[in-house]
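Engineer: Each protein sequence line maps, in turn, to chains A and B.
Note that the working numbering gives residue 24 to position 24 of the first sequence, counting from 1, and the numbers run on in steps of one.
Note that the working numbering gives residue 644 to position 412 of the second sequence, counting from 1, and the numbers run on in steps of one.
For the record, the hints were derived by calculation from the structure and aren't laboratory data.
One or more of the hints may lead you astray.
[Unchecked claim] Label pairs and their calculated CB-CB ranges:
1) A/Gly20 with B/Ala273: 29 to 35 angstroms
2) B/Ala685 with A/Gly20: 18 to 24 angstroms
3) B/Glu671 with A/Lys219: 47 to 53 angstroms
4) B/Thr653 with A/Leu211: 55 to 61 angstroms
5) B/Arg445 with A/Leu211: 47 to 53 angstroms
All residues carry an ideal CB built from backbone N, CA and C; glycine is no exception.
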Amino acid sequence: MSLTRWADLRRFTPARVGLGRAGTGLPTAAHLDFQEAHAAARDAVWSELRPEALGLDAPVVQSAARDRREYLLRPDLGRRLRAEDAARLPRTGGVVVVVADGLCAAGVQAQAVPLLRTFAAPWPVVVALQARVALGDAIGEAMGAEAVVVMIGERPGLSAQDSLGLYLTWAPRPGRTDAERNCISNIRPGGLTHAEAAAKLHWLLGAARALGATGVALKDEMPALPSLEGKG
Amino acid sequence: MAFRHSVAGTTYVFDDLRTLLARATPFRSGDALAGVAAASAAERVAAQRALADLPLRHFLNEAIIPYEADEVTRLILDGHDPAAFAPIAHLTVGGFRDWLLAAPPEALPPIRAGLTPEMVAAVSKIMRVADLVSVAAKCRVVTRFRNTIGLPGTLSIRLQPNHPTDDPRGVAAAVLDGLLLGAGDAVIGVNPATDNVEQAMALLEMLEAVRERFAIPTQSCVLCHVTTSLRVIERGAPVDLVFQSIGGTEGVNRSFGVDLALLREAREAALALKRGTLGENVMYFETGQGSALSAEAHHGVDQQTLEARAYAVARAFAPLLVNSVVGFIGPEYLFDGKQILRAGLEDHFCGKLLGLPMGVDVCYTNHAEADQDDMDALLIALAVAGVTYIMGVPGADDVMLAYQSTSFHDGLTARALLGKTPAPEFAAWMERMGIGAGEAIPERLSPALIGLA
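Chain B with its partners taken away, still in its complex shape (with noise of 0.2 angstroms):
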């Protein structure tokens, strides 16, 4: 059906609800180089007027993805829990915003089985970075493997010691450096420079050593290919957490060589080995806006809408971790300082009130138009927003990836800015071998207790 609104004597007219969507986009070159984008101010606002005005009911009627054609959209569809959607029923996309901003925190969890990714999108399109940040703040999501993730007060690190070539000792010696400065109890994940069967088990191998020589409360990841995953846990690999990639359409988890029932194996298999001492959440996603349109699998479909899709396909498999890697697809999806911050901040809400554990991966690359400065208001936003987990990166720099994230330091000072704690069992642990503001390295963190001498 199409959407219509008038802005100073212009009508504009939207011919479908995906349309409607992507025109009421706040700007951004990813859009525009999918030619979706409003070619207009005027033309985004006409567009924001009407999809405030649209029912949330209308969200179940009109499928931006055919049914037929996608199993995201029809993972979407069939898990929707009317009971839990009651609350909300009645009000449009304008009113959920509002109710939103006003709701107290017990009121959101309720209402998650109720929500589709694309209300979710709607809403966020129509929020400012405040709002964006105050709702966010007001959802609770805790998951557990060996230690509890998401507790009210607490910001938690993924500790990331990638090196060029997977070199072990250079990995290990990342691993204390993070450990010294307070990251890693998200997981230890190291992204492999190749994936195949040999290295990752060998990095996982080590990771294993390590976390069990310092006895840390932790889990451990090796990021490879949910495949390559499958393959070292055939063959005894240490495997806490298994990674995937993942996107808001069949046709991009395609082009990452996954479907759904790939997923659900790799989710089984990692149940099996029942590693996680305190919780079953054994599954880590990345996501990022761009990806569909990188894989031509948009279905001319805005990239923030596709991105809250992910998080759907996300929350069928209850993961310990999630995270966007907001500026790392590259300029053509995300330009500048200006637009990393705000999608950055759309990622976390919209995972958040979908009921995941939402990290960010505050970051951009050399050719985008940011630097430092932009990654600085990002991460205090995500902080004050209540972001789950955040990478650490030694000196903010991927020497591996070549891009730049957030460095154990920024994590450091993220938690003291705002009063946050690590999890529980890792602050106990940092106490325990004690870690602390010094220059020197705690003797029960001796280098040469990892092989590093």
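Chain A with its partners taken away, still in its complex shape (with noise of 0.2 angstroms):
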């Protein structure tokens, strides 16, 4: 069949093609729905986690940001662990799971307790406030962790304000770059699955402990999954 509609062009892509125009502007609808998904991600941005309603047996951190703003300002405050919370924790070894707000708290508030769950392994677990990735190397190197996950919020975009990215680091301590990090990312209902995140998670894991690192040094070759839920 062949297409003469200019909105047919819509099933080939999610990015919004075939809107049409009033003049050279987009019509009402379309301007509308724009701003409805900006509001939603600005919203998402915003939002703060509350940990007690996550129902986790965790203590609970914070970075050295205050608040939001501080947060959006200052990157490295949301990397630094304050002294009071760091002598709070308790030593635990092993894997140490962060779960972090980020840049969408919503996003963690709906995911973290439910993928917690699809991770199936008795890993203590921290709740942090106004954190940053690398505020884990501080909580897992104050924990004499080998390993720290940090899921976090990710950075809403228009299309998915709930998507969670797993952050892995062998051997946490300051002063670790981005480049000895594995990440698993767009966690999210229409993304990757809790299923898919968690088995690539455990499969990192065991190439991460082989290996003693994390990183660039670890390469991805985790066998594709069998199709878990369809998705052609």
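Got two chains here, each in a separate frame; can you build the complex from them with the hints?
Structural biologist: Written as structure tokens, this is what we have:
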């Protein structure tokens, strides 16, 4: 069948194609669709994580950033653990999971607990507020962890405001760079499923343990998963 | 050498040129993050006054990043042309601002090779938005590959048809959407979701097929790393333009995995393909304030001066297109709409004055304090300033990079408001193809012709 209507282009891409036009501008409905998506993304950035509502038996720490505005302006503070928080953390060793708000607390609030359950591992959990990925290095060091998994809210886009990332760092300590981590991103309904993310995390952890390192030295050579939910 | 100036009974001292430049910079979050911003409004204006009194000649005697330590400094100072500098050699920075505001357009190209990026950054720091617009509007920079970009009265658009998984049909659908809205004369340029050779080859071949099927007088580009471009050129892929992100210090360029020698090699490889029909501008560069701080390679220099130094890198390679990705780097560098607006106009002004075909990605991320109204204000100001090109993204929403840029509609609006046209070859093609204001897809642009059915 040959396509003749402009709007038919939409079947090929999630991009905002085939919107038509009003003069040179956007038709009203398309304009307000955009505003609605942007509003959702903005609210997600400024959302606050409510640790008590997660129902986890986990210590709660906060980075040196005092609030969202400071968090956005000072990434260095979001990577720094307050001394009083470091002193409170138990020295567990092993693998530690940090549930961090990142740039999207709303996504973490919704997905953190079910994703932790999917890991099916007895790892201790710490909840971290106003946290950047590298805050996990300080937390991992304070807990004597062999590896830290930072589960963090990703920057919201217009099409997804609930996406999580997992960052795995072997032998965490402040000063580690992003090149020394492995990342699993776009974990959300419609993106990477929890089961896929958990399988990948366990594979990476095994490879990291064998190699004694994460990051660029650890190539993701995990065999393809069988299709879990019939995604063509 | 130290500089000093008194404001309201307090004397402010600035230890060296890079400190003076940083303290004179209109406030932005990235300079505060780097710890180089003025501590008060009074200190800032004291620095601006001291800077205004500084002879332009001084910039040839004091490098803000040592010559021995940085190949970008060497490029800038070794390439300086004293003859081109002669007409303005007697001026201070403040005098240069007055000279620029009064100069006729034809006076500007002859001095380009006599300007260092630090001189240009310095004068921009004591200019208002209207100054940045009116001087930039006098700059003429024309480049060519398969069409002519930058002629007076034109505004070109990069068609940016990104897709979250690089699906070729999804990219093709966005290309067609953009063409139907008059975008694509600057370049049809895809940011790949994954930077590897196979992906780049597949996208390049698809773009080439679309361009040939519709006989579009434009160029395509897959914005992969320059080393990926070199590999795909070796493998015979149809590469029109070689893309690379660049910055204003050797260190930031190293963090991008490039140096000047590698850029030279890439340009020569692209030139050897001889694919340009009208000209030999084969490079496409992107830049952005804050990238050097992000890479911890800023040497205590403010982000806007470093951005201008990136343009000195760009102009050594005669690019077809250069754009700042002004609002993309993040709110820790440019926090809100006000900071993004000024930075976008500074970047355009500095690039144009140095002789670059300067475009701007008028954009923001969702964690910046900005919205569509801020982008409209910047777009309109840039269009008045004669910006060479802007981005065109379906509905302003980049579904791969998760940020907001200008839409195809925004491009049409800017052209209509100011009576601007696309590049002439592209405008003639649009007419031939029957692209107009209607809702129907002209038969000559049927989706079936590019495999969309």
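Engineer: If a hint holds in the structure, say so; if it does not, say that too.
Structural biologist: Here's how the hints hold up against the structure:
no., hint, verdict
1, A/Gly20 with B/Ala273: 29 to 35 angstroms, "48 angstroms, violated"
2, B/Ala685 with A/Gly20: 18 to 24 angstroms, "21 angstroms, holds"
3, B/Glu671 with A/Lys219: 47 to 53 angstroms, "49 angstroms, holds"
4, B/Thr653 with A/Leu211: 55 to 61 angstroms, "58 angstroms, holds"
5, B/Arg445 with A/Leu211: 47 to 53 angstroms, "48 angstroms, holds"
In this structure, the one hint that does not hold is number 1.
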